[in-house]
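Chain order of the listed sequences is R and E.
Under our numbering, the first sequence has 175 at position 175, and the numbering climbs by one with no breaks.
Under our numbering, the second sequence has 336 at position 22, and the numbering climbs by one with no breaks.
For the record, the hints were derived by calculation from the structure and aren't laboratory data.
The C-beta atom is built at its ideal place from N, Cα and C for all residues, glycine as well.
Misleading hints may appear alongside valid ones.
Simulated coverage check for chain E against chain R, where a stretch passes if three residues somewhere in it have a Cβ under 8 Å from a Cβ of chain R [to be verified]: (1) 316-324; (2) 363-371; (3) 446-458.
What the simulated footprint calls covered on chain R by chain E, stretch by stretch (three residues with Cβ under 8 Å from a Cβ of chain E suffice, anywhere in the stretch; the number is not a length) [as the list claims (entries may be wrong)]: (4) 19-28; (5) 297-304.
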Amino acid sequence: MSSNYLDIIRPGINTTFQDKGRDHLYHIGIPFSGAMDNRNHLIANKLVNNNLDSAVIEFAYQGPHIKYSGEKINCAITGDVIFSIKKKDTEIEGKCYESYQIENGDEINIISTNKSVYGYLALGGEFDVKFQWNSCSINTKANIGSNNGKKLDVGQRINLKNINSNKDIKKTNYINTKIENIRVIKGTNFDYFSEEGKKIFYEKEFTVSKLSDRMGMRLEGPKIENIVNTNIKSEGLIKGVIQVPADGNPIIMLSDHGTIGGYPKIGVVASVDYDRLVQMAPGSKIKFKEINLSDAETLFKLYEMETQNLLSQI
Amino acid sequence: MIKNISNLGDAALYCDFGNEVNKSINSQVIKYFKTIKEKKFEGINNLTPSYNKLIISYDLKKTNFKEVKSFVENINVEDSIDINSKKLEIPVCCHENFSMDIKRLEEILKLSREKILENFLNKEYFCYMTGFIAGMPFLGDLDENMRAQRLETPRVKVPKGSVALTEQFANIYTFESPGGWNILGNTPLDVFDSSKEDKPNLINPGDTVVFKEITLDQYKNYNE
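Bound conformation, chain R alone (with noise of 0.2 Å):
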């Protein structure tokens, strides 16, 4: 019987395994988790002929190095990532959004994201992991899902099963796009903020914080004065709920987020925008931009056949 293995050389920052995520669990405190940049997770597994569903490496900022042992196999890095593919005799500069057969011995090392912060590692099988709630997700937080809950780590062997016989090579000219805006619907708690705090939400500019991971991302800007109650009642949150707690400081809700809140909701993120926004590396200037519920259900529509397009395609 063969088999087929990668081994961890360098793990990178946080490098997860992550799936679509894990739905109805809300209430007893478990967030979705799943890839973060949902689009690029589809692609990476389209493009090495995955169901569109199967999990990837998700790595954030430095990604990892890995050497490979096992029957050939295919491979697909998206993103905006800088990476090489060690061959035998030869080293190759790796480009995004096109899948590379890689054999016995061969080593792919994720060097960094470029301006952004997630990355899709994809391989043509399937990885032998642990599922919880159906999904192999890592949640380090809670420590659920596989790898026990846990980033990977130097050292450690990941098996695979299940390699895909379709061994087509595929490619897709896919660009990720930056935006200047994101857009936002107003928060159930919108009214407990001054006119002036209103005004800085929508108009000022906010810089990404270095505190920000896959739970929340932080802001850091002007203070956004709130003039009601910095507290509300706990109740549940969703991703992309923009909460202000005491200092005035902008928190989003990300993919990890804890499932309940007390500070006050100013904005929710629009789902259209929503792998965009993950993709804001610290530093990176986020200003708001107010749109009503209709415009933004409209907005995901077409996001979502644009993704369904680029998919079809490859």
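Mind docking chain E on chain R? Use the hints.
Showing chain E alone in chain R's frame:
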């Protein structure tokens, strides 16, 4: 009853049951939660009941605000639904190794340690909701003279098992986490166990919890 339904972003419904926090409003929230959960409406992917709100999240690829709102407005929630009513005893050790904020509580509440424990232990608390971190129960109501604000600067790490107080509520940190509640003791019980996929939470909304004091020796030997 739901007083108002609005949208929370473009992928969730915000059902408002009122502003007060009490058992009767919370029981309504739980009844709606249970009814909607059983109906398995296509596209709804999460429900978050809290003291007096219910947030219904949905997949915008499958449904939208208008459809989910009309579904919620037209469901019939039987008043006779049985909300959970398990009664649980939770052992808690309030030895100084664990009760990190006892001095602070003594000062704020102007009560002695003995009096604080007497007020807290052996009383029935209702579980309003679980969450923030996996399995964390929000229990109430504490006596009027036991209500303290959260710490001005939250701790970066609150130990697993910590039993803590804020305002009219007590909670249990199901694993190590940041947190700003006043820590009174620690329980050796696993309140959240992710290996039990069908029932990871020991305490669920609607349950009743009584804290029973154990000694440090009993604590140390608890899991043996």
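### Violated hints, by number in ascending order, as checked against the structure
none
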